[in-house]
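Asker: Read off the chains here:
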Amino acid sequence: MKTGRRQAPKPPPVVDDELATFVADPELATAFVADGLDHLGTIEQTILKLEASPGDLALVNDLFRPFHTVKGNAGVLGLLSIEGFAHRLETLLDLARSGAHRLGASEIELVLEAVDLLQIMVQDLPARAAGRPGTDLGARRQAVIEAVDRLMTAGAAAESASAEATAGQAASAHAAAGQAAAAEATSASPQATALQLTGDSWVGEPTTVKVSTQKLDVLVDMVGELVIAQAILAEDPALVRVGDERVSRQLAQVRRITGDIQRDAMSMRMVPIRPTFQKMIRLVRDLAKKFDKPTQVVVAGDDTELDRKLVEQLTDPLMHMVRNTIDHGVESAAVRAAAGKPATAEIRLNAFHRGGGVVVEISDDGAGLDTERIHARAVAQGVIASGAALTPAEIHQLIFRPGFSTAEHVTEVSGRGVGMDVVRRNIEALRGRIDINTERGRGTTFSLRLPLTLAIVDGLVLGVGGDRFVIPTPAVQESLKPRPEQVHTTHGRPCMVQVRERLIPLLHLGDAFGIRGARPHICDGTVVIAEDNGRPVALVVDELLGKREVVIRSLGEMFRGVAGIAGGAILGDGRIGLILDTGALLSLVSAAPLRVAV
Amino acid sequence: MDTTAVAASRRASGAAHGGKYLTFMLGREEYGLPVLKVREIIKVMDITHVPQVPAHVLGVINLRGKVIPVIDLRRKFGFDDQAHTERTCIIVAEVTLTATALMMGVVVDAVSEVVTVAPSEIDDAPHFGGQNGIDYILGLAKVKGGVKILLDLDRVLGSDGTLAIHKV
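Residue numbers (the numbering used here), protein chains in the order written: chain A, 1 to 598; chain B, 599 to 766.
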């Protein structure tokens, strides 16, 4: 117990000699950063659980152990700034787990702030090791350290005060009972620890190994090459000419095994969405406090797996949608009470596989979208013509237009300044889409539909001139051989094709891409009706060459600006088919009238 | 002119660029690329055209499952096109345009040999930057009785459009 005058704690020295061991042992360093962030994630989850059930000593122990580990590991690497800072928190948590200090709201806020700071400190290490400066956290760290000291002193004072008070009261039995209870509490914690070890979290835990993601990516790449090489071999004319049955069977066997290897390799890139959902839980908690809109999160399907790269790209859009929901969707306590809704709003996060892809849903029991207001706003902003007839679904999709907002005033919600239009663009870049289901007064559900993996697409191969293109099958509505009377012209130039009741704009790929050798007459070729977000385009190509799954290869930064091409795919004969970006193709339509004939 | 100063500055820039170079021909001129950047040399193969790119960007090729872009160096330097011979080939080299290193192929008329160039054998190049002002020539190497123009491939390929090489 500290009494009397205390010296204000000096800020811990930030010395870059502390990086000597870190720099000298890259393997240990990488492991420390990865493990450290892991532990900090666990600490964050645990503290949120503790907030929901305060006084659960088992959870307090779960909180103490990773702090102790991070501190210890930092010490091994000589990272004094991290070790020292973690030590302060560890002291507080040590008192808490022995029952000597209760973790109230202030302590919880403090631990969360400490976790945030430690995360930044750990993440900064590689940059600092490379000679770049780290984030200056001196002031924030100092604030936390002083707050911890204050709480410990206050806690100790409260403890001694209550001890005096109980002693002051007559009954020694009272004091004895109090002491016995305290003794029980301390002896209870080791038992709780033991229970934890045999609790659900340990039994049946699958064994895992840590593999660098770089090794994994290389493996998946090599498997992709194996699949292609195997396909090229199987279709080699020399081999086909041989026509030997035994050889065919062996080739089929190789194809089967290769297919299995590919599936297994791809599955190694799949990770559960749980950590992303965890980030949302923390975000909801912070925002709910900030906006004074009590909200709880219910999570389902957090073990649903997606491609690792997809998960990385999903975090920002999801965070923005959650912010948007709390800011605009969830009503104030007064409005909710008047509507007879529970005081605490609910956000449900759900993820599941469906139809060869994955669906991630964010639902709320808030105000729902105001269809009429959106429509009115869109007309006022000139986004749609006042007479235009739109279905409710189309009206809802308007919220993704750039610059569109029905908010009465803009709130400072995030430092990234991301709008819903960027959210949709991010999702579309992942070849996904966002559907909205909403009921005024009841709530809204955003469904993000995404492919299982970014690496493979099921595509239709199109031939134009001597070139090959691939269009993702989900984008294709139908294909047809057009009759002259279906092709409509403007000023003598073909511009539309009529399919049943719809008039669809034409895009002749040979013309748009300058492909020599493409069939100049539209009716000699084939028309493929593709759509992007409900907008259709009629692509004129020479012929359809079949359907196949292709591995997508990025063309590289050099071709980033090419409109209409999303990447390259290696086809069965080793040639490259350019993958079409349907949305971008639509922008090519209005560029110039077609220089082709009907 | 102070010959010692000129010689000193030549040595200074040459010192940075001494080493082994892969030499190749474009027309009658010989060029060199740092051999450490060269991954492999392949015969000209089927190049898949990509629409809406500058004329010197020929397209992409499939290199054992990897899709890499191919540039025509003659067009990049503003030379006229020439029919391919059996000596025409593609040099696959490692190039860093923005942040990451990537593989790119450049079509050249013929590949010669790897030569070792000492720093003293390298002269500063007159500035060929032309309208772009880009210094893509590391220096002029005087070896084996000829002059090889040593290229900084990152700078050559990093600029958009054609680079003008003035005939000396």
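You may find that some hints are simply not true.
Some chain A residues judged to face chain B by a derived CB distance under 10 Å, without partners named [to be verified]:
(1) D116
(2) P237
(3) G492
(4) C495
(5) G556
(6) I565
(7) I576
By construction, these hints were calculated from the structure, which means they are not laboratory data. Please read these numbers as outputs of a predicted model, since none were measured by experiment. Beta carbons: idealized from backbone N, C-alpha and C, even for Gly.
Asker: Taking the hints in turn, state whether each one holds.
Answerer: Do the hints match the structure? See the list:
no. : hint : verdict
1   : D116 : 28 Å, violated
2   : P237 : 16 Å, violated
3   : G492 : 25 Å, violated
4   : C495 : 21 Å, violated
5   : G556 : 6 Å, holds
6   : I565 : 7 Å, holds
7   : I576 : 4 Å, holds
Going down the numbered hints, you'll see the structure goes against 1, 2, 3 and 4, while the others check out.
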